[in-house]
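Here the protein sequences line up with chains A and B, keeping their order.
Residue numbers for the first sequence follow the numbering used here, so the first one is 10 and each next one is one higher.
Residue numbers for the second sequence follow the numbering used here, so the first one is 424 and each next one is one higher.
No lab work stands behind these hints: they were computed from the structure.
Quick caveat, the model's predicted, so the values are computed rather than measured.
Keep in mind that the hints are not guaranteed to be accurate.
With a cut-off of at most 20 Å between alpha-carbon atoms, the simulated EDC-like pairs for lysine to aspartate or glutamate come out as follows [as the list claims (entries may be wrong)]:
| hint | chain 1 | residue 1 | chain 2 | residue 2 |
| --- | --- | --- | --- | --- |
| 1 | A | Lys449 | A | Asp433 |
| 2 | B | Lys425 | B | Glu520 |
| 3 | A | Lys354 | B | Glu455 |
| 4 | A | Lys233 | B | Glu473 |
| 5 | B | Lys483 | B | Glu455 |
| 6 | B | Lys432 | B | Glu455 |
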Amino acid sequence: MRFDARSARPALALAALVGTSPAWAQAAAAPTHIDSGDTAWMLTATAFVLLMTIPGLALFYGGMVRAKNLLSVLMQCFAITALVTVLWLLYGFSLAFSTEGMHAGMTNLHSFIGGLDRVLLAGLTPDSRYQTVPESVFVMFQMTFAIITPALIIGAFAERMKFSALLWFSGLWLTIVYLPVAHMVWSGPGSFLGDLGVIDFAGGTVVHINAGIAGLIACLVIGKRRGYPNVPMPPHNLGYTVMGASLLWLGWFGFNAGSAVAANGSAGMAMLVTQIATAAAALGWLAAEWIVHGRPSVLGIVSGAVAGLVAVTPAAGTAGPGGALVLGLVAGVICFFSATRLKHKLGYDDSLDVFGVHAIAGIVGALLTGPLASPKLGGFGAVESVWGQLWIQTKGVGFTVIWSAVLSLVILKLIDWTLGLRVDDEQELIGLDIALHEEKAYNLS
Amino acid sequence: MKWITAIIKPFTLDDVRQALTEVGVTGMTVTEVKGFGRQHGHTELYRGAEYVVDFLPKLKLEVAIADEQLDQAVEAIMGAARTGKIGDGKIFVSELEQAIRIRTQEVDVDAL
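Produce the complete structure using the sequences and hints provided.
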């Protein structure tokens, strides 16, 4: 993201192709002023991305749980928003985006994790700048990404995790899993995955594969919901889910088109391909479901749309409109099978399909980003070798899958041994709303 | 006196109420209930997970009437509640031994 939107990423890719160390061209083309148009768009995009978590994701997930757990899901999204905001101020931004000790083409500790020179947002003033926008706006924009990523994971263990465990998990996971991956991909010259040439425009790897894999590990560690799969657990209000998915679609324009960090052609193209891939994936899931199950479902079309949004995220800065169409269709169909077949076949209880939709669509998107960036396939990336970039993307996916899986497992086991991850049977039966928060979502009498 | 208990589809209630009023029935009690007969519920499918819903939402209508109103009342309910599709419901008729209006202490047909 960020750098490839302008000059650095093409330079990096080109350098990778000719076998030299990456020549980040950012310095040469460094802007010297704050642009009010860019700033206005980035303020808007930032608000859009926050809208994705609260209320977008909260409603999307909230509608899919049983009525007795609706508030718990809304609460978790809201609390994560507050918690990550504070952690981002304390050390999150620094560990993700500090460039202390980084050198292009050189792998050292700071290729994996940022320094502490920006702790408490040290050095941030109204005049400090990131490219053509105030640095405060960039800090805030990136914060909204850090908020939604742990929030995505809650869908995997919905309806059964302790609230205290959730807070510890979110904070530790952000620190140990998210911040290093964000740093490795986005922090510029000298970053581990960035120097490899991995293209991740808006976070397919950093956000979705990372969260989706953590979700799979989490639902395996915490175990199935009581009664799963024999007790019916249908969504209690698909209307909320449709509203949430619609807000996600809207907010994703901030996510993807905002990742250009400018109001320019790259942002415009990112918005266009986001719309196309999302629509294609919605139709892809719809068609697959209609053929396989004999009827088109509302949950299906909105799930397909989310799969498309996820899949196009890494590719939004480099894929062309035709590539986005293909990407969306493929992601929609594959995610239909992963969420409806794979899960039941393997028997894990990923309550709201965090792995089936986010990890799978993220992996499909990250891999296809390689070929689709090629001008030969209508893309706009400085990628000459379709297969070469596919291999780079594969390495990025593989690294992130292992990183997220291993460290998420360690964090979850640690919390399980100390605090306990799961509510007791009675609390689960009563529902987390009453059991943990002593409140109900619905008082209908 | 007779006691009619009718299980009907919820959306037919207004028509049934109107039809019963037209044949002189002055009061009725309605309860939201769930159940199944030959229809045996239905299935719902969410992301590949199939849920069998055994108990379908119905309304239970209870009416107390004079013996001579029975045929008219049953026909009124049948006419208004019948869609011809499975799940239209059932009508049960039983003897009613006594009726008392609490306010006036009138009994039997006068109390209906």
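Status of each hint after checking the structure:
1. A:Lys449 x A:Asp433: 19 Å, holds
2. B:Lys425 x B:Glu520: 8 Å, holds
3. A:Lys354 x B:Glu455: Distance of about 38 Å is beyond 20 Å: violated.
4. A:Lys233 x B:Glu473: At roughly 17 Å apart (the allowed maximum being 20 Å), glutamate 473 of chain B and lysine 233 of chain A satisfy the hint.
5. B:Lys483 x B:Glu455: Given pair lysine 483 of chain B, glutamate 455 of chain B holds - Cα atoms ~6 Å apart, limit 20 Å.
6. B:Lys432 x B:Glu455: 10 Å, holds
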